[in-house]
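Order-wise, the sequence lines are chains G and L.
Each residue of the first sequence is one higher than the one before, starting from -13 at the first, in our numbering.
Each residue of the second sequence is one higher than the one before, starting from -6 at the first, in our numbering.
Wrong hints could be hidden among the right ones.
[Unchecked claim] Pairs of lysine-lysine, PhoX-like flavour, derived with a Cα cap of 20 Å:
1) K145(G) with K213(L)
2) K160(L) with K26(L)
3) K145(G) with K209(L)
4) K60(G) with K16(G)
5) K60(G) with K81(L)
6) K213(L) with K62(L)
7) K145(G) with K62(L)
8) K205(L) with K145(G)
9) K85(L) with K60(G)
10) K26(L) with K213(L)
11) K205(L) with K62(L)
12) K28(L) with K62(L)
13) K213(L) with K160(L)
14) K108(G) with K16(G)
15) K209(L) with K62(L)
16) K28(L) with K145(G)
17) K28(L) with K205(L)
18) K62(L) with K34(L)
[As the list claims (entries may be wrong)] So the derived label-pair ranges between C-beta atoms look like this:
19) A39(L) with A59(G): 18 to 26 Å
20) A54(G) with E41(L): 18 to 26 Å
21) G63(G) with P141(L): 44 to 52 Å
22) D166(L) with G63(G): 47 to 55 Å
23) G138(G) with E41(L): 33 to 41 Å
24) R162(L) with G138(G): 38 to 46 Å
25) V195(L) with D95(G): 40 to 48 Å
26) G63(G) with G119(L): 55 to 63 Å
27) A36(G) with G171(L): 49 to 57 Å
28) P141(L) with D140(G): 32 to 40 Å
29) D166(L) with E112(G): 51 to 59 Å
30) K76(G) with D166(L): 51 to 59 Å
31) G63(G) with E30(L): 32 to 40 Å
32) T42(L) with V100(G): 31 to 39 Å
[Unchecked claim] Here are a few chain G residues that sit away from chain L, every Cβ distance over 10 Å (derived from the structure):
33) A36
34) G38
35) D66
36) T99
Please keep in mind that the hints were generated in silico from the structure rather than gathered at the bench.
This structure is a prediction, so every number in the text was calculated from the model and none was measured.
Beta carbons are placed, not taken as given, at the ideal position from N, Cα and C, and that holds for glycine.
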Amino acid sequence: MTASTANWSFTQDDFTGITESLNRFLGETKSICALLVDRSGQLVTTVGDATGLDTTAFATLTAADYSANDQLAKLVGESDFSSLFHQGEKESIYVADIARRLLLVIIFDSRTTVGLVRLRMKGEIEELTLLIDRVFSRGRNGAAPEEHLLRGADDEIDKLFNW
Amino acid sequence: MINYASREINCKIVYYGPGLGGKTTNLEHVYGKVKPETRGKLISLATETERTLFFDFLPVDLGTIRGFKTRFHLYTVPGQVYYNASRKLILKNVDGIVFVGDSQAERMEANLESMQNLYDNMAEYGYDLTQMPFVIQYNKRDLANAAPIEDLQAALNPGWEVEDASKHRVQPDPYHAGQNLVEQVSGGEWVERAPYFEAIAVNGDGVFDTLKAVSKLVLKALA
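Chain G with its partners taken away, still in its complex shape (with noise of 0.2 Å):
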């Protein structure tokens, strides 16, 4: 049996290297947190200040949103589009496609303009890119750790289910 459709982990080092972008991006821009979420709407990390977001919700809904943009573009004969703004009375949100795997949401207000964080946002794009790309890489080559973290595990797992 195939472990799932989606296989793929991030280590330490990969999210360090995220975590230090995002922070550096959410500082030039005075945004307020960054979702790093993957598309089938699992979060992956969040960055900055999101107090009483309910993040789950939040990365479940933003790629269901991203999802049906997506079709809506090939609807128009748009093969995507590359970017979503949804502009609120004091916040707003960007969502941007990285890589195809995964999607950057950055919430800010009026301490910035929709204008700054667009023409950052190109330059982050790029560098997580690179760094995703690294993750599903290594995905691919067969030598994602997380193919052992299980094994064995039988026991802890039917533990699980002793409701």
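Assemble chain L onto chain G, guided by the hints.
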């Protein structure tokens, strides 16, 4: 997805099946029964008449394995035939599938159509349903017009051929004494069926049995 940094294992389970079959009811029951600290919000993108428009979503924490928090993301899809675009989107990167069939005899056609649609949508992503954690739930067993389990099994879970000779050995069904998940049929070929469960989702019967079975299959597939 395994996140070593946050020490989490996240898995995606999708409840699939015909419209009004009880997919959302399954999630609502789980939401109502698990401790609030182990689950997130139940999010429903539904129409005014409470028909699922895009999906329902419920994150549930199962506990810890090897120091990793295991979290399952439960999704339903809209059952109505014309929402196929939305349905297909939800299947992306799925780790396990629950097919919620409607036991009522007059819904057999809708069940078959939905099962075929599931195979087709999975195939379009390049996923092979027969190689994935997959369980079937026959819901609404309490209704007077419910078809016999044998008929539902014959129509929806007849078994797929096991081509790998190393897997040609009888595998008993752990959930039904005297039945097998893998066996040799009268024609000589070996077939495998998905585990199945009977349910009355409105009062919770069979809901957790189904969830446990598919979650376990997902985690064991990683082991």
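Identify every previously stated hint that the structure contradicts and give their numbers, smallest first.
Result: hints 2, 4, 10, 23, 24, 26, 31 break, sorted rising.
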